[in-house]
Amino acid sequence: MSDVAAEAGRAEHAHEEHRDYEGAKLGMWLFLLSECMLFGGLFVLYAMYRADHPRAFSAGGSHMDAILGVANTLVLLTGSFAVASSITALQRGRRKLAMGLVGTTILTGVAFMIVKAVEWSGHIRQGYFPHSHLLQGKPGEQLFFSLYYVMTGLHGLHVIAGIAVLTAALILMARGKVTQEHFVFLENAALYWHLVDIIWIFLLPLFYLAA
Amino acid sequence: MTTSEAPPRAGAASYLEDHGRFSGIFGWIFSTDHKRIGILYLVSTLFFFFVGMSLGFLMRLQMLSPHGELFKNADYYNALFTLHGVIMIFLFIIPAVPGSLGNFFMPIMIGAKDVAFPRLNLLSWWLYVTGAVIALASLFGSGLPDTGWTFYAPYSLRTHADIPMAVFGVFVLGFSSILTGINFITTMHRMRAPGMGWFKMPLFPWALYATSWVQVLATPVLGITMLLIFVERIFHVGIFNPAMGGDPLLYQHLFWMYSHPAVYIMILPAMGLISEMIPTFAHRTIFGYGAIVWSSMGIALLGSLVWAHHMFTSGLSDAAATVFSLLTFLVAVPSAIKVFNWTATLYKGSIALEPPMLYALSFIFLFSVGGLTGLILGALALNVMLHDTYFVVAHFHYVIFGGAAFAFFGALHYWLPKMFGRMYNRSAAYIGWALLFTGFNLLYFTMFVLGVMGMPRRYAFYLPRFQTPQVIATVGSWIMIAGILVVFTNLIVSVFKGEKAGDNPWGGVTLEWQIPSPPPTENFLEPPTIPEKAYDFEGAFAS
Amino acid sequence: MNPASTSLTESVTHVFIYIVALSALFLVGITATMIYFVVRYSRSRNPKPKDIHGNVALEATWTIIPTLLFLSMFYFGWTRWEQMREVPRDAMQVEVTGRQWSWSFKYPNGKVSSELRLPIDTPVRCDLHSLDVIHGFFIPAFGVKEDVVPGKHNFAWFDPTELGTYDLLCSSYCGQGHPLMMANVVIMPGDKFKEWYSTQEAATGPAHGELLYKTKGCIGCHSITGIRIVGPTWKGLYDSEVTVTTNGKTRTVKADDDYLKRSILDPNADIVQSYPASVMPVQKDLTPQDVNDLIAYIKTLK
Amino acid sequence: MAHEATEEIHVVSYTTYTLVWAALVGLTLLLSSISLLHMGGGRWNSLAAFIISPLKAALVVFFFMHLKYEKTLFRIMLMVTLCIIIIFLGLTFLDVALR
Numbered sequence: 001m002s003d004v005a006a007e008a009g010r011a012e013h014a015h016e017e018h019r020d021y022e023g024a025k026l027g028m029w030l031f032l033l034s035e036c037m038l039f040g041g042l043f044v045l046y047a048m049y050r051a052d053h054p055r056a057f058s059a060g061g062s063h064m065d066a067i068l069g070v071a072n073t074l075v076l077l078t079g080s081f082a083v084a085s086s087i088t089a090l091q092r093g094r095r096k097l098a099m100g101l102v103g104t105t106i107l108t109g110v111a112f113m114i115v116k117a118v119e120w121s122g123h124i125r126q127g128y129f130p131h132s133h134l135l136q137g138k139p140g141e142q143l144f145f146s147l148y149y150v151m152t153g154l155h156g157l158h159v160i161a162g163i164a165v166l167t168a169a170l171i172l173m174a175r176g177k178v179t180q181e182h183f184v185f186l187e188n189a190a191l192y193w194h195l196v197d198i199i200w201i202f203l204l205p206l207f208y209l210a211a
Numbered sequence: 001m002t003t004s005e006a007p008p009r010a011g012a013a014s015y016l017e018d019h020g021r022f023s024g025i026f027g028w029i030f031s032t033d034h035k036r037i038g039i040l041y042l043v044s045t046l047f048f049f050f051v052g053m054s055l056g057f058l059m060r061l062q063m064l065s066p067h068g069e070l071f072k073n074a075d076y077y078n079a080l081f082t083l084h085g086v087i088m089i090f091l092f093i094i095p096a097v098p099g100s101l102g103n104f105f106m107p108i109m110i111g112a113k114d115v116a117f118p119r120l121n122l123l124s125w126w127l128y129v130t131g132a133v134i135a136l137a138s139l140f141g142s143g144l145p146d147t148g149w150t151f152y153a154p155y156s157l158r159t160h161a162d163i164p165m166a167v168f169g170v171f172v173l174g175f176s177s178i179l180t181g182i183n184f185i186t187t188m189h190r191m192r193a194p195g196m197g198w199f200k201m202p203l204f205p206w207a208l209y210a211t212s213w214v215q216v217l218a219t220p221v222l223g224i225t226m227l228l229i230f231v232e233r234i235f236h237v238g239i240f241n242p243a244m245g246g247d248p249l250l251y252q253h254l255f256w257m258y259s260h261p262a263v264y265i266m267i268l269p270a271m272g273l274i275s276e277m278i279p280t281f282a283h284r285t286i287f288g289y290g291a292i293v294w295s296s297m298g299i300a301l302l303g304s305l306v307w308a309h310h311m312f313t314s315g316l317s318d319a320a321a322t323v324f325s326l327l328t329f330l331v332a333v334p335s336a337i338k339v340f341n342w343t344a345t346l347y348k349g350s351i352a353l354e355p356p357m358l359y360a361l362s363f364i365f366l367f368s369v370g371g372l373t374g375l376i377l378g379a380l381a382l383n384v385m386l387h388d389t390y391f392v393v394a395h396f397h398y399v400i401f402g403g404a405a406f407a408f409f410g411a412l413h414y415w416l417p418k419m420f421g422r423m424y425n426r427s428a429a430y431i432g433w434a435l436l437f438t439g440f441n442l443l444y445f446t447m448f449v450l451g452v453m454g455m456p457r458r459y460a461f462y463l464p465r466f467q468t469p470q471v472i473a474t475v476g477s478w479i480m481i482a483g484i485l486v487v488f489t490n491l492i493v494s495v496f497k498g499e500k501a502g503d504n505p506w507g508g509v510t511l512e513w514q515i516p517s518p519p520p521t522e523n524f525l526e527p528p529t530i531p532e533k534a535y536d537f538e539g540a541f542a543s
Numbered sequence: 001m002n003p004a005s006t007s008l009t010e011s012v013t014h015v016f017i018y019i020v021a022l023s024a025l026f027l028v029g030i031t032a033t034m035i036y037f038v039v040r041y042s043r044s045r046n047p048k049p050k051d052i053h054g055n056v057a058l059e060a061t062w063t064i065i066p067t068l069l070f071l072s073m074f075y076f077g078w079t080r081w082e083q084m085r086e087v088p089r090d091a092m093q094v095e096v097t098g099r100q101w102s103w104s105f106k107y108p109n110g111k112v113s114s115e116l117r118l119p120i121d122t123p124v125r126c127d128l129h130s131l132d133v134i135h136g137f138f139i140p141a142f143g144v145k146e147d148v149v150p151g152k153h154n155f156a157w158f159d160p161t162e163l164g165t166y167d168l169l170c171s172s173y174c175g176q177g178h179p180l181m182m183a184n185v186v187i188m189p190g191d192k193f194k195e196w197y198s199t200q201e202a203a204t205g206p207a208h209g210e211l212l213y214k215t216k217g218c219i220g221c222h223s224i225t226g227i228r229i230v231g232p233t234w235k236g237l238y239d240s241e242v243t244v245t246t247n248g249k250t251r252t253v254k255a256d257d258d259y260l261k262r263s264i265l266d267p268n269a270d271i272v273q274s275y276p277a278s279v280m281p282v283q284k285d286l287t288p289q290d291v292n293d294l295i296a297y298i299k300t301l302k
Numbered sequence: 001m002a003h004e005a006t007e008e009i010h011v012v013s014y015t016t017y018t019l020v021w022a023a024l025v026g027l028t029l030l031l032s033s034i035s036l037l038h039m040g041g042g043r044w045n046s047l048a049a050f051i052i053s054p055l056k057a058a059l060v061v062f063f064f065m066h067l068k069y070e071k072t073l074f075r076i077m078l079m080v081t082l083c084i085i086i087i088f089l090g091l092t093f094l095d096v097a098l099r
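Protein sequence lines correspond, in order, to chains C, L, B and H.
Position 57 (the first sequence) corresponds to 57 in the numbering used here; numbering is contiguous.
Position 149 (the second sequence) corresponds to 149 in the numbering used here; numbering is contiguous.
Position 184 (the third sequence) corresponds to 184 in the numbering used here; numbering is contiguous.
Position 60 (the fourth sequence) corresponds to 60 in the numbering used here; numbering is contiguous.
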């Protein structure tokens, strides 16, 4: 009986080794779609409050540093470009280059977060945060800043998660677990990073260019 | 799980014996086998069902007298209905059918060895347990949770209860649900056995497919709503707080964008179970296979567009109320189609009134009552009268308990022989069903009457004129609970001590009946024979 | 349901009967067919089943006919509801304020009442305001319901056609006092209403205090009968010995004017033993005179 | 178990990525200059955001995320999700705008 069980156990193990790239990618895409709906809820809120308070949202936007927002956009886009290219590099067998490109993306992610931290602390220093006295009696601007903190904050958490996933990909590449033949982990990590990028593409005009 | 005396079959041990890498309890809670995970879900969701049922029992006791039979302080009653709702919805009925029966049978029914992501599957269960623990930990916070399961703002922003903990628990539970959905969709796209075309798939997997889409696309909206309440409570951002310019109705919009489709997460898999049981016990193919498939997808899609019918009296715009009422009547059409198809499946069948079939037929009746009273609530003029009364409570319980849970209980009788290789006591099953069915109708039909009389829900105390029906409903709850106890004592005893069941006790034709009971770890010892058509009874009996 | 209570309840009842009757027809039809099939085609009677895969004509029929019937239900529900949303121009306006946990009603002439008194056969428009959370303005006898949402201007209107006293309940869960958040709706003959409407309430003294007690939310938590609701009862409160916690220290005080004033204006200063803190809202809209009147009222509750 | 990992692998060239990246940067600069320099007033601002942002997202989705080279299923899934978000927006707006 124990032999039978052991055999079955091995079979189960072999089964886990079974690789279905299409399936893995499908799973990742489904996860990304569900992420889209997560942010979708916030976009619905933003749209409704902006429709209610168009002027206040414009006034809120005027407190934003658009240059930092645009710069951060370019940083993220470059990161996306690098991680996309790293897949091509890996597929063509240039592991070192691929690792370098993933490393670049991680650095852009870190740079993005640093800019974000500067920006948030600037706003808080100026007195724009939920419940601050500058926003008392201005419900529209209050909502604008609340949504700003919630949406960019949640996006920031996704950037951090993306950095973690890309770092894992980098380690797996260094250990030879993610290779020219088995690159689906890198591909899925890249997909996640691109989603983070896309959300930012929409956050830019909603907050930084809202004036 | 004492199946050790079963003669070992050639090839592989049953999943009950093969504990994988770990032994004892760890062989279960760390197993990535979809069948073992299914059993984990079965045990844990049923545990919470019994917790929720006990809370419901106490609520009914309180309602025995107008001034409260149990508590003179409404706080305790408010905690009871909040916990009853949260537990029954998030910890029982949403995960129960997909998590237990879906995990166990969907891969087998499409001829797969396992789900697409077995480790993710285990993670889903662990997240479920984590979410449950977090949600229940809120009980020991600053006060008993008292918001109702809906966490409506701004009340949830002001109450002393530990709301951040509770909503974080719900968020984690939602995450578990999303991962199950992703896993199931991928499994059905990638893991069907060769020859198992989409339109040969049995209807339970089809129902799970539709459900999974709702889980993947609607649950994140609940996630963000709960996160916003969490952020609101901790940082006071004011997004839903009217005192700071926020709009509490937008909370309701976001909440129901998930929570209405969630009703379809609860009922669609149950409809799939009915579509399995009726052909098996009528020994004939399902009537209108295509119609049932498309109505499942139609319900999933239309069901996502009717959320604001929970808000007709909230100050919704007249235009929105009109559109949502219209859409609500349209979503009734695919459900009606299913009911007609099931009834037509009985025509010229050869019907065995086994206990699972009895549950399936009572599902049709109870679900029809629930669905038709839904039409009454969907009509704008009547909704104004009946919203937030016992009528809504009764309607909901007819759909979710009379519908989803009856189908679940029926399917437990249907598949128990397959899952554990043992048969239950039939007489006990009939007695349990009869008590359950009688008590259920006495309890909830009386609530329709109370609703029309104007009894509002969530009242710890009530006006004396409502007392007689309240007492009748409470008596009904006692009969119903007696029935549930009989049903589950019978099922649990038979898991350990029941007579041996054959591989195919009912003469079913879906793939799970081709393999041994209980199934071996690998599911299929040889590649399964895929029938020409789904539910091909003539073909099966000809050979 | 009381079909004669307002001018609209009759037509709503017609919709109700139409939809319930059609639904019952569906239900009986399905159940009877099901039972007939189960008996007629039981395995003993019909051992050989027949696979019938479908029938396009039949399926089309049972898709189209229910769709049309459902749409008719929608139509009737919608048109009657449109009437419920159209307020007659000559409607009397009453401002309804809901709070945790009481109702108050303000009439056009400034009169404030704890009961919704209305003349018969006169349409009335209730403008609904909430001071805290969402409440539900629900008069079961009239089939009238609308949520009272803070920050929103919801309304409900009706046209009472029968004399009598009816219940106004809160339909939207609002916390501990939810089931007790009730008021009377009194439908009076026109002349009697006019008489009541033109009488001025006492502007000071215990009578004014009583009005404040009923309309400013006190009634939701403090009984005058001696029973415990949410907060301590007011019966026999004045001059009694109260054990309170002040700044973390437990002490016994006499419930005199000073103590009561402090408890009304700064509810968390002294926390009465066995009652939780920060439940009572700070009373911002009470004038010093109001506070004195309330205390005068409490004094009368022996 | 039914499908082996035999899908053909589409390797996207560096040139494609570089062009897409350049287009994204160009569009970002265009969008920000339109709104920061107040070209043509506020109306153009929103319009530009409404057109340019989805265009940028589409570039990322189709090229960086390889949707152009994936099966139709992926495209359908994305369309369904977008439609649902748009319907959610539309139906909620029906309430908020017309209250």
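Worth flagging that the hints you see were computed from the coordinates, not collected in a lab.
Just to be clear, a hint being listed does not mean it is correct.
In silico negatives: residues of chain B with every beta carbon more than 12 angstroms from chain L [stated by the list, open to error]:
#1 Gly29
#2 Thr31
#3 Tyr36
#4 Leu58
#5 Glu59
#6 Glu82
#7 Arg85
#8 Thr122
#9 Asp132
#10 Glu146
#11 Asp147
#12 Gly164
#13 Gln283
Think about it this way: if two alpha-carbon atoms lie no more than 20 angstroms apart in a straight line, the pair counts; the simulated DMTMM-like pairs of lysine to aspartate or glutamate are [claimed, not checked]:
#14 B:Lys152 - C:Asp52
#15 L:Lys200 - B:Asp51
#16 L:Lys348 - B:Glu59
#17 B:Lys214 - B:Glu59
#18 B:Lys50 - L:Asp536
#19 B:Lys302 - B:Asp266
#20 B:Lys48 - L:Glu538
#21 B:Lys152 - L:Asp318
#22 B:Lys111 - B:Glu86
#23 B:Lys50 - L:Asp318
#24 B:Lys152 - B:Asp167
#25 B:Lys106 - B:Asp127
#26 B:Lys111 - B:Asp191
#27 B:Lys302 - B:Glu201
#28 B:Lys214 - B:Glu241
#29 L:Lys113 - C:Asp52
#30 C:Lys25 - H:Glu70
#31 L:Lys533 - B:Asp51
Note that CB positions come from ideal geometry on N, CA and C, so glycine has one too.
How the hints compare with the structure:
no. : hint                : result
1   : Gly29               : 9 angstroms, violated
2   : Thr31               : 6 angstroms, violated
3   : Tyr36               : 9 angstroms, violated
4   : Leu58               : 7 angstroms, violated
5   : Glu59               : 5 angstroms, violated
6   : Glu82               : 8 angstroms, violated
7   : Arg85               : 6 angstroms, violated
8   : Thr122              : 21 angstroms, holds
9   : Asp132              : 7 angstroms, violated
10  : Glu146              : 5 angstroms, violated
11  : Asp147              : 5 angstroms, violated
12  : Gly164              : 14 angstroms, holds
13  : Gln283              : 16 angstroms, holds
14  : B:Lys152 - C:Asp52  : 13 angstroms, holds
15  : L:Lys200 - B:Asp51  : 16 angstroms, holds
16  : L:Lys348 - B:Glu59  : 17 angstroms, holds
17  : B:Lys214 - B:Glu59  : 61 angstroms, violated
18  : B:Lys50 - L:Asp536  : 11 angstroms, holds
19  : B:Lys302 - B:Asp266 : 24 angstroms, violated
20  : B:Lys48 - L:Glu538  : 10 angstroms, holds
21  : B:Lys152 - L:Asp318 : 15 angstroms, holds
22  : B:Lys111 - B:Glu86  : 26 angstroms, violated
23  : B:Lys50 - L:Asp318  : 51 angstroms, violated
24  : B:Lys152 - B:Asp167 : 24 angstroms, violated
25  : B:Lys106 - B:Asp127 : 10 angstroms, holds
26  : B:Lys111 - B:Asp191 : 17 angstroms, holds
27  : B:Lys302 - B:Glu201 : 23 angstroms, violated
28  : B:Lys214 - B:Glu241 : 25 angstroms, violated
29  : L:Lys113 - C:Asp52  : 54 angstroms, violated
30  : C:Lys25 - H:Glu70   : 10 angstroms, holds
31  : L:Lys533 - B:Asp51  : 11 angstroms, holds
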